[in-house]
Structures are given as structure tokens and as C-alpha cells.
Amino acid sequence: MWIEIRSVFKLKWKYFHQFWSYIEIGIIICSWTSVSIYIWRYNESKRIGKLFNETNGYVYINLQLASYVNDILIYLYGFCSFFGTIKLIKLFRFSQRLCLFIETLKYCGKELLVFFMMFSIIFFSFVCLFYLLFISKLESCSTLLKTIQMLFQMILMKFAAHELVEAGGFLGPFSFSLFIIFIVFICISMFISIINDSFRHAKKN
1 MWIEIRSVFK
11 LKWKYFHQFW
21 SYIEIGIIIC
31 SWTSVSIYIW
41 RYNESKRIGK
51 LFNETNGYVY
61 INLQLASYVN
71 DILIYLYGFC
81 SFFGTIKLIK
91 LFRFSQRLCL
101 FIETLKYCGK
111 ELLVFFMMFS
121 IIFFSFVCLF
131 YLLFISKLES
141 CSTLLKTIQM
151 LFQMILMKFA
161 AHELVEAGGF
171 LGPFSFSLFI
181 IFIVFICISM
191 FISIINDSFR
201 HAKKN
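Sequential numbering from 1 applies to the sequence shown in UniProt numbering.
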């Protein structure tokens, strides 16, 4: 962390023009936030254990806050692993194939940013659609988080479509078909085309 702080003072705004700087910042933020959340979870578990011992288990204990804190900690661990894995690419940058991969990402960086902004808007609109239509009919759409997980399963083709058919005779199959057409066929095809064009450009140069 101190190395990154010295780099910020040395390079100033040029520091934020480097891709790897954001990876380092992500690791630092997630790591320190994980430490604070871990301490919060530890104190919460001590409070619940103390309350349980004082009442011999005859009092109602709300575990919702503890569950949320634990979920946040797991998410932060996931982001730390994600940023750390990406940092490994920097360590293996002397590989010719890996250099070609990095150059490909450089060429398509701006296009991918625009694509992910567009994809996020379309994906979130489908999240709202499925959540509002099937919130009372499907357990997998009972919360926004579960709805997002269900839609990602649809992208991976690991979702049982018969649940939507049973939940809504017309709206279920219609919504499922719209999602497959817009997300799987159109958006994924655009993503592959962007990567493919950038790869040919990087290989040519």
C-alpha cells in the first residue's frame, strides 16, 4: 500500500492513466474493507453468543444483520480474489501469448466500456421485468439478488425454463424468449465480435 501511495505522489495524475493502478487500488480497498467487516462480524457474533448464554436460548435473536454482514464479507473476499487473479497477468506479462491478450484488451478497451454500459442497462431492465412479473410466483424472483442470479443462469443455459412456463402461461415464455434474443443472441454476439476484431488488429500489429 505504501508503494502505491509513493507512486501517487511521484506520478500524480499519470498514476491514474495506468490500468494496473486501478487493480492495486481495488485490492487495497477490498482488503481494508474486509478487515473492518470481519471485525464487525466478530463483534456481532460475540453479541449474539452473549445474549444466547444470558437467556439460555429462550429469547428471540434476529440473525438478519449477521447474515448481511457475512454476505458482504464473502463478496469482498470474491473481489479480492478477482483483482488478485488479474494481477497475476502482470507477473506473466513476458509470455508472448499473454502479451497478445493484453494488447487485445487495450485495443477494445473503450468499445468494451461502451458495450458493458449498454449491456448493464439492458440487463437491469430485464431484472426489473422478471422481478415485477414473477415476484409472487417464483421463489427465484423473490428478491432482486435472486432475480439477477436467475438471469445469469439463463445466460449460461442452466435455468429450468418450465418454471417460467408454469408461472405464466403467456408472459413466462414471452419474457424468456425476449431475454434469450436480446442478451444471448444479440449482446453476446456483439461482445464476441468486438473481441475478435481487436484480436485480429493486435495480431496484425
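One or more hints might be untrue.
Straight-line Cα separation of at most 30 Å, DSSO-like style, residue types lysine-lysine; simulated pairs [claimed, not checked]:
1. K90 / K10
2. K146 / K158
3. K12 / K87
4. K50 / K110
5. K203 / K90
6. K110 / K46
7. K137 / K204
8. K12 / K110
9. K14 / K158
10. K204 / K87
11. K12 / K106
12. K137 / K10
13. K50 / K204
14. K110 / K90
The hints are simulated quantities; they were obtained by calculation from the structure and are not laboratory data.
Each hint, compared with the structure:
no.: 1; hint: K90 / K10; verdict: holds, 21 Å
no.: 2; hint: K146 / K158; verdict: holds, 14 Å
no.: 3; hint: K12 / K87; verdict: holds, 22 Å
no.: 4; hint: K50 / K110; verdict: violated, 53 Å
no.: 5; hint: K203 / K90; verdict: holds, 20 Å
no.: 6; hint: K110 / K46; verdict: violated, 48 Å
no.: 7; hint: K137 / K204; verdict: violated, 53 Å
no.: 8; hint: K12 / K110; verdict: holds, 23 Å
no.: 9; hint: K14 / K158; verdict: violated, 44 Å
no.: 10; hint: K204 / K87; verdict: holds, 26 Å
no.: 11; hint: K12 / K106; verdict: holds, 22 Å
no.: 12; hint: K137 / K10; verdict: violated, 57 Å
no.: 13; hint: K50 / K204; verdict: violated, 66 Å
no.: 14; hint: K110 / K90; verdict: holds, 20 Å
In summary, the numbered hints that this structure violates are 4, 6, 7, 9, 12, 13.
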